[in-house]
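Given next are the chains, with one letter for each unit.
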Amino acid sequence: MFVDLSNKKIGFLGIVVLALLVVTVSTFLIAASARPAMHAFTDSAQRARAELYYLVRFKLPEAALAAVTGSSRTEAQSATSSVVSARSVPVLLYHGEGDSTSMPPMRVFVEHMRALRDAGWHTITMEQFKAFMEGTGTVPDKSFLLTFDDGRSDALYSADPLLKDFGYTAVMFVITGFSMPGNGDVPLNDFYLSKSQLDYMVKSGRWDLESHGDQDHLTYSVPIATSTAQDLTLVPGQHFLSNFFWLPDAGRIETPAEFVTRVTNDLTAAKTLLENNFDIVVDGFAYPLNDLGQDSINAPQADTLLSRVVPTIYPFDFYQTWPGNGDFFNHPDPDVHLIKRIEPTASWSSSHLLEVLNGGVVKSLPHTAFTFGPAWKSNWGTVRPDDTGLELSASKDSTGASAFLDGSGTWTDYKMNASAEWKYGTFSLLARYTAQYAPYVVCAFSNNRIYLERHDGEKLETIAYKPYAPPALPAKADFSMSVQGDTASCSAYGVRVAGSVAGISRSGGVGATVWTPSAGEAQAILTRLAVESL
Amino acid sequence: MNESSNRKLLDMGFWLVFFGLIYVVILIKIATGNYINRNVFFGTYSILIVLYIFSRFLLSYLHRSVPLANDYEPTVAFVVPAKNEGENIYETLRRFSEVDYPGEKIEVIAINDGSTDTTLAEMRRAARDIAPRVARVEVVDWKQNRGKRHGMHEGVRRSRSEIVIFIDSDSFIEPSCVRHLVKYFTIPEIGAVSGHTDVYNHDENVLTRMQALRYYIAFKVYKAAESIFGIVTCCPGCCSAYRKSYLDEFIDEWLHQTFLGKECTFGDDRSLTNYVLRNYRAAYSSEAKAYTVVPNNFKTYRKQQQRWKKSWVRETFIAASFIWKKDTVAALFFYSYIFLAFAAPIVFVHAVMWEPIFYGILPIIYLSGLFLMLLLHGVYYRIYTQDRNWFPAVVSYWFYTVILMWQLPWAVVTIADNHWGTR
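Heads up: the protein sequence lines correspond to chains A and B, in order.
The numbers in our numbering rise by one with no breaks, and the one at position 519 of the first sequence is 519.
The numbers in our numbering rise by one with no breaks, and the one at position 260 of the second sequence is 1260.
Don't read these hints as lab results, they were simulated from the structure.
Heads up, a few of these hints could be off.
What the hints assert, rightly or not - Over 12 angstroms on every C-beta distance to chain B, these chain A residues come out as not near it, computed from the model: (1) L163; (2) A257; (3) S419; (4) T426.
To be verified - So the derived list for chain B, only partly shown, Cβ under 7 angstroms to chain A, looks like this: (5) L1021; (6) Y1023; (7) I1026; (8) L1062; (9) T1116; (10) F1229; (11) G1230.
Unchecked claim - If you want a taste of the chain B side facing chain A, the calculated C-beta under 7 angstroms gives, among others: (12) H1063; (13) R1064; (14) L1068; (15) S1227.
Yeah, the Cβ is synthetic: ideal placement off N, Cα and C, and Gly gets one too.
Modelling step: build the complete structure from the supplied sequences, incorporating the hints.
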């Protein structure tokens, strides 16, 4: 209504806008041309800031506390360090600065590392780990491999000062497609480590760079299995490694051979980029999104294909498991390429982390327990290990409870004698347990029969059973179970059931379960467990 | 070099600073641009606030003034409701006789709204002194206080003129003010015109100096930007003119305006403008100059601002229901501003408390961004007013912005409370 669009005003505005545009654009052009120099500067500024932060926030308070309490860490450390070699090694996974809900923030990470260091744990390098796994080298007791995923720059800045301080080393699984897209110097964004930062890490001697793939951390739209050129349905948000892609030019789904080629190209590209840029050897690959082929919507054979392809490119492929899902430590075996990792979350206290790691240490036979510690990991229902026994009870909405003894996964042929306060439900002993979804042997003691069973995920197969006469419940009861080669047997109250367990892993740990058909009722307390080798 | 070329050089320097600030703000916005991907709400706010403020300066620059119409001289009535203004009222009324306008076309109506001081006597003295030079002076004396809205209503009712000019009892007008107000009424659609009011006591302390900056920008930039569309959302009581024939259509309804079941007792000017805007338009005349006395202590200032915020909430809520029909572009700006006003406290808490406490991120970008924006206003003010004390005004503006931001949510909470804070 009262607008003046005279040439004079519009002209002046035009000049101003043009001038601002020119000045702004040239600012960014100048900044871009000065980027390498700026990067070198900001990188070192960031490092200095991170070191200062670590010093002020963590190092000085610790030193002050030590001075006040008069305790000396080095004594404790030398007291616990030993010349004993480790029989198995855990791998820990972190990502970078997290929040208090899932991934640990720096404060928690530092607490975790301090607790480990004070308890005598120490890191090993990827080279040491490789030699250990292949059986060509040994590492001291309480060794662990510290790993980080995704190549995040905040991981460098929150962990590097600590590594320096503790004399620790770590492995960084780099997403080359994000950190150096097209082999470029500039990462996708500042969230990811740049080439110059990666170079610094390698030269520092504190970091090993390994592969987290090139483009396979992204998600893609993939066709459903029945798709044709006429009837194409694409599902977004799917994983690179576990699905067959749509080939728009050919108008069809890719063949298994084409899938293998695509995966091979990506994995090789990531390895080559890292090896050529930093003059290193890359032996490890961590599955992006922890997908080993299982998260497929159109390629049920993806996991088989991957397990065939990946080891041809990388000697070691890393995946995530969790305490309770069988042993999570890695045992030396030249035939093993799949490496287990666990990810401590923000809610893990440092004492819980220590319990988890100490529980996972390989246990020797004979193993006799009257008291039950945190090495007993729950994977179902309510499990309470304490000084008097291992309480197993169904929770409000579970029909039973189950626990596994961490660190028993290497046991092969053994006999178990168990005593329990048997209160209600079928009581079972577990043997040759390796993981929740791998087959294992079960002796189930019901109120009238003894069953020898093979469990495989949700599948249950009765191998043999016999009637027997246990006392009326509740009662103190004794059970035994043995596994030797391909045979297993269960016995109690004078009755013995035996059968073949061929096809189940020759080594695996022990556990106990209690179960009823309805929820919230089953309960038993394992009061004694003695395991001896056969 | 003489003084005037010195001044020109200094102005050039300030203009460079002005555009330099715009440049710096644009740089910051681009450099922190990935923020918008992380959180849509805060990202939108961050972009929108800058676009909104830049748009104010741009639109005000494009504001076109109407030329003086010397053959158009309608009769005008000055309506001055006052309570306990014994100190200022004489000067306020006296100035009406000195305006550059034919005396026989001027009517003065002063309403003494139950004053307990010398206001009535001062009114009568002023009436005597100016009577020979104007067509008609009327002093209405109410023994009981009825409120400003009743006073304004009474003035309109008693006036016989074509244009009613409301002047606050603590405001003074320049002689040229009337012609610059009146010239806009040559356009039939125009129902109200806001004059330009500066702070009379700006040199008193840093608070009044800060208000001088706020007043100047609020009129010269923000009202001018609204005026482009003929949708000035508030023609303030300190100095605004209304077309009487339009007022007559709704003045009685306005007197008994209710909101949430209660009769409205404050925010009379914004409310009256809103009534005008429903069917007509409102403009801003930057040449129609007046001066007003502002609160010189924080308590009074805070209460005044709280009252204004409440009426802002009420009248914005009302205007939001019809403004989209008047002009799409103006409505977009209007609704954007509502979003910004309500988002500001949330953004503040997020930047100054949430992020530092939970993520250890200091609010450096936020506070410096806020300061840069206010500095932009300050430099503009410095160039046009030549006020050498502009910088402390900017700093205290920054300080008060943070404090007064909380008045809006508080105003929403207490909207039903009708008490008149300063009286």
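>> Let me make sure I understand: some of the numbered hints might not hold for this structure. Which ones are they, in numerical order?
In response: 5, 9, 14
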